[in-house]
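J.: Residue-level listing of the chains:
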Amino acid sequence: MRGSNETVIRVRGLEVGFGETLVLKGVDLDVWRGEILGFVGTSGGGKSVLMRTILGLLPKRSGLVEVCGIELGSCSRAQHRRLEQRWGVLFQNGALFSSLTVKQNIQVPIREYLKVSQQLMDEIAFAKLEMVGLSVDAADKFPSELSGGMVKRAALARALALDPDILFLDEPTSGLDPIRATEFDELITTLQRTLGLTVFMVTHDLDSLHDSCDRIAALADGRIIAEGPIETMLASEHPWLKAYFRGKRARAAGIA
Amino acid sequence: MTAGPLLHSTRLGRSLVVEAGGTWTAARAAELEKLVEAVAAEPADVDAVEIRVAGIARLDTYGAWLIERLRRAFGRGAVEAQVVGLDPRFDALIGSMHASNRHMPPARPRRNRILAFIEGTGKAVVGMGRDFVEMTAFLGEAAAAAARALRRPAQFRPIAIVHQIDRVGLGAVPIIVLITFLIGAIVAQQGVFHFRKFGAETYVVDMIGILVLRELAVLLVAIMLAGRSGSAYTAELGSMKMREETDAMRVMGLDPIEVLVLPRLIALVVAMPLLTFIGAMSALTGGGLVAWLYGGMSPEIFLDRLREAITMSTFQVGLIKAPFMALVIGLIACVEGFRVQGSAESLGRQTTASVVKAIFMVIVLDGLFAMFFAAVDM
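Chains L and E are the protein sequences, given in the same order.
422 is the number of the first residue of the first sequence in the numbering used here; add one for each residue after it.
-19 is the number of the first residue of the second sequence in the numbering used here; add one for each residue after it.
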């Protein structure tokens, strides 16, 4: 168990909706410092909505979202900017800036927030590329010249550019073959250990949940229905969790 | 608040002791870099270097890399620097930085400005030649597709053509009517104002009639269509290419030229003469109105003079040019659309290129037509 008892992300009674429909109906969730939290739920069930609300990309109806002790929504602009330097986000499709090279992509946040020399920026960018397992040859390529796996790695390098405390991952292994997906899981675990990250990972990958995650939170019907290590999930009698963790795919993954 | 970064070096006989402490994180990277550079720049005629890092309270990739950079700076002086007193928490981080940046890509050599300028000019000229070849090839492909479609009329996609005519033709009518009306009115006002000085006001009608029918209407419509429809074609085809939609068509056995390009080209070629006619009528109306209200020439006299001033060939000269200009605008728009690469920037660049090239080519074409019509006495 890697997590400590210090709460990094605290969500209380969060409600988010679009028009008439309420997607999140009172979500309570804690993420502890230094843990990898896997977040599961039905497709279209609001996993990404929760992540986007925590990141401030979606407005909340009511409830509390606190990251690193700073309450979003009531904090000042400057506080929010400081917060944005402490998290890194890996979007599902990478969201690399298509008109910049990989190296420039990594340097965007560095250039914006730190006043360091071009030499140090280059060295840091190359170091990050090596950390995520890309060769320095990829540095001057444009995102359209990269394969899907390389895009994910480059986007991860950008998410890590400022050495964040918290890393948000939106389905990091989707679209990767099982070998690459396993490598990516190992990479996340290694980076988590090396950099002391707190990782919030939205995923459907049962192998990731089993191998990398310290704790899992499950979202169904707009609420968190279970929270805990994989054993808790397996022991749960909730019908959706039973189908999810003890279904055919789970058996194939050797979990159940 | 934790203490800021610290770095001191002390000489102990033939060895150098560098003591690091405080916060070594990204937020302090700028200060750290200066400190490290200052210490690394000191003359180091020593046998041993020790970097004591026990005092470091917080460390991240930036700090770890700067320690590694310091270590390597001494390494160049053939002295192996030792890092001592490392907190086990930071072991992995220092280890990972120690392994990285071993193979830096070579720095790009700086280039001579004049040579770069000459090279750029050469590339632009070659690019222009390639443009011409590509346009011709594209025209050939489109013609071949049209010939295929003619042999099997079922493939002609009338719905697509009508839809495109609706977009580029009917949709453009209000703006075309408005701008040609205004330009006709402005030209008439200028004519009346200046011709009045030598009592030749009546010649305003000749000027408007010939100018509008031969040149103004068709040029205004062409420029408007290049900006309005050419850019839309480029952006549509470009984003379809970006999202692999054209590849999806190809593997289904659909030819993008036949499905996407041909209806668009036909629509432009059909719509532009019609728009030119509407534009010409609208400009003459604007001119006539100003001649009446500002120049005091009654509509009956205006029409009489107009009938004398222009012939059928004046009218034909303008209309003959329209389909050729439409073809040029459509071809350039489609060629540029298929040149879009993966990035958002490239979409913008090709769309700009499409409009600029189309307007330029339309004016060049107009000049060629002027020479041609002069030669055949029209």
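One thing to keep in mind: the hints can contain errors.
Distance windows between CB atoms, simulated [claimed, not checked]:
{"no.": "1", "chain 1": "L", "residue 1": "E436", "chain 2": "E", "residue 2": "R147", "range": "40 to 48 Å"}
{"no.": "2", "chain 1": "E", "residue 1": "R38", "chain 2": "L", "residue 2": "R667", "range": "41 to 49 Å"}
{"no.": "3", "chain 1": "E", "residue 1": "D67", "chain 2": "L", "residue 2": "R667", "range": "52 to 60 Å"}
{"no.": "4", "chain 1": "L", "residue 1": "S497", "chain 2": "E", "residue 2": "E60", "range": "36 to 44 Å"}
{"no.": "5", "chain 1": "E", "residue 1": "R69", "chain 2": "L", "residue 2": "K536", "range": "42 to 50 Å"}
{"no.": "6", "chain 1": "L", "residue 1": "F439", "chain 2": "E", "residue 2": "I166", "range": "30 to 38 Å"}
{"no.": "7", "chain 1": "E", "residue 1": "V153", "chain 2": "L", "residue 2": "R473", "range": "40 to 48 Å"}
{"no.": "8", "chain 1": "E", "residue 1": "V142", "chain 2": "L", "residue 2": "R502", "range": "22 to 30 Å"}
Note that these hints are calculated values from the structure, not bench results.
Even glycine gets a Cβ: it sits at the ideal position worked out from N, Cα and C.
J.: Run every hint past the structure and note whether it holds.
T.: Hint by hint, here is what the structure shows:
1. E436/L with R147/E: 40 to 48 Å: holds (44 Å)
2. R38/E with R667/L: 41 to 49 Å: At 44 Å between Cβs, range holds.
3. D67/E with R667/L: 52 to 60 Å: violated (43 Å)
4. S497/L with E60/E: 36 to 44 Å: Between S497/L and E60/E, where Cβ atoms are some 49 Å apart, the hint is violated.
5. R69/E with K536/L: 42 to 50 Å: Given a distance of about 28 Å, which is not inside 42 to 50 Å, the answer is violated.
6. F439/L with I166/E: 30 to 38 Å: Roughly 51 Å apart at Cβ, these two residues miss the hinted range, so it is violated.
7. V153/E with R473/L: 40 to 48 Å: With a Cβ separation near 44 Å, V153/E and R473/L satisfy 40 to 48 Å, so the hint holds.
8. V142/E with R502/L: 22 to 30 Å: violated (53 Å)
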